[in-house]
Amino acid sequence: APAPAPASASEGLSSASISEGQPITFPVNGAIAHGLYYPPTNPEYRGPDGERPPLIVTIHGGPTGAATASLNLRTQFWTSRGFALVDVNYRGSTGFGRRYRDSLRGQWGISDVADCIAAAQFLADSGHADPKRLIIRGGSAGGFTALAALAFSDVFSAGASLYGVADLALLASGTHKFESRYLDGLVGPYPQEAQKYRDRSPLYHLEGFRSPVILFQGGVDRVVPPSQAEAMVAALREASVPVAYQYFPDEGHGFRSPATIMGCMEAELSFYSQVFGFPHPEGIPRVMVENLPG
Numbered sequence: 003a004p005a006p007a008p009a010s011a012s013e014g015l016s017s018a019s020i021s022e023g024q025p026i027t028f029p030v031n032g033a034i035a036h037g038l039y040y041p042p043t044n045p046e047y048r049g050p051d052g053e054r055p056p057l058i059v060t061i062h063g064g065p066t067g068a069a070t071a072s073l074n075l076r077t078q079f080w081t082s083r084g085f086a087l088v089d090v091n092y093r094g095s096t097g098f099g100r101r102y103r104d105s106l107r108g109q110w111g112i113s114d115v116a117d118c119i120a121a122a123q124f125l126a127d128s129g130h131a132d133p134k135r136l137i138i139r140g141g142s143a144g145g146f147t148a149l150a151a152l153a154f155s156d157v158f159s160a161g162a163s164l165y166g167v168a169d170l171a172l173l174a175s176g177t178h179k180f181e182s183r184y185l186d187g188l189v190g191p192y193p194q195e196a197q198k199y200r201d202r203s204p205l206y207h208l209e210g211f212r213s214p215v216i217l218f219q220g221g222v223d224r225v226v227p228p229s230q231a232e233a234m235v236a237a238l239r240e241a242s243v244p245v246a247y248q249y250f251p252d253e254g255h256g257f258r259s260p261a262t263i264m265g266c267m268e269a270e271l272s273f274y275s276q277v278f279g280f281p282h283p284e285g286i287p288r289v290m291v292e293n294l295p296g
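FYI, in the working numbering the residues of the sequence shown are 3 to 296.
Calculated from the structure, these hints are not laboratory results.
Please note that a few of the clues may not be correct.
Ranges between beta-carbon positions, derived for each pair [what the hints assert, rightly or not]: (1) S72 - I34: 21 to 31 Å; (2) S128 - D201: 29 to 39 Å; (3) R224 - T96: 22 to 32 Å.
Even glycine gets a Cβ: it sits at the ideal position worked out from N, Cα and C.
Kindly generate the complete structure, drawing on both the sequences and the hints.
Take a look at the structure:
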């Protein structure tokens, strides 16, 4: 289990406590994808001998953005608490050439999901992660990929979506930030290819969900409105999938308040402690997880 480091472990991290990102490449469906692997790092705590760490697969937004190796205290929050983490630069990410970036065209919800699964399996197969404790998380476009990975595979034992997309058609018809041509390029022209949008939307594939999910949503989000998360949470409840929901009425798309950001990370940590049965961290509220066995 992860070491029960105190809730303040990320504050004033010493250089010895900082996990440095290690570039990795891994095979996926005849192609090569990229990521940054961060081993668990905390000189004051260590996990049980012979036990591999849980792994968090993190997905950047965009979806054509990129993960970089610059110091990110949110990453260190996890690695200082016994988690390994991989920031996946799935096909479509910038920084690896135009061909790599363009390989997401028409493939959003397919290639990105496959690459995140491949990253998790690569690290589990190479002994860097516990294959029974693989987690996937992402925000915005990354939240969509996380939900899709949970809906369309059984690799991950838990997941988190922060202001993520559950219904691509709703995104196509109801938001202004995602230009229609951008989305047309990622999935296909809408509404001409409405079936493709539905086929890739996690909201319509609840039968695939087996693992617990926590969702975070802002009440004044104009890019991915609360109706997306609310529909997803209601559907998961109805399907008896373990689910937790954290709603912040004054937050928009991409949380801004430091209190919200820290509250989200602590809620997520509480969620994983309950899902995987390691000691609940002292000093942080216990998030309510519905439908969780035991």
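Here's how the hints hold up against the structure:
Between S72 and I34 the Cβ separation comes to about 23 Å, which falls inside the hinted range of 21 to 31 Å. For the hinted restraint 29 to 39 Å between S128 and D201, the CB-CB distance of approximately 33 Å keeps it satisfied. In this structure the supplied range 22 to 32 Å holds for R224 paired with T96, their Cβ-Cβ distance being about 25 Å.
The structure is consistent with each of the numbered hints, conforming to all of them.
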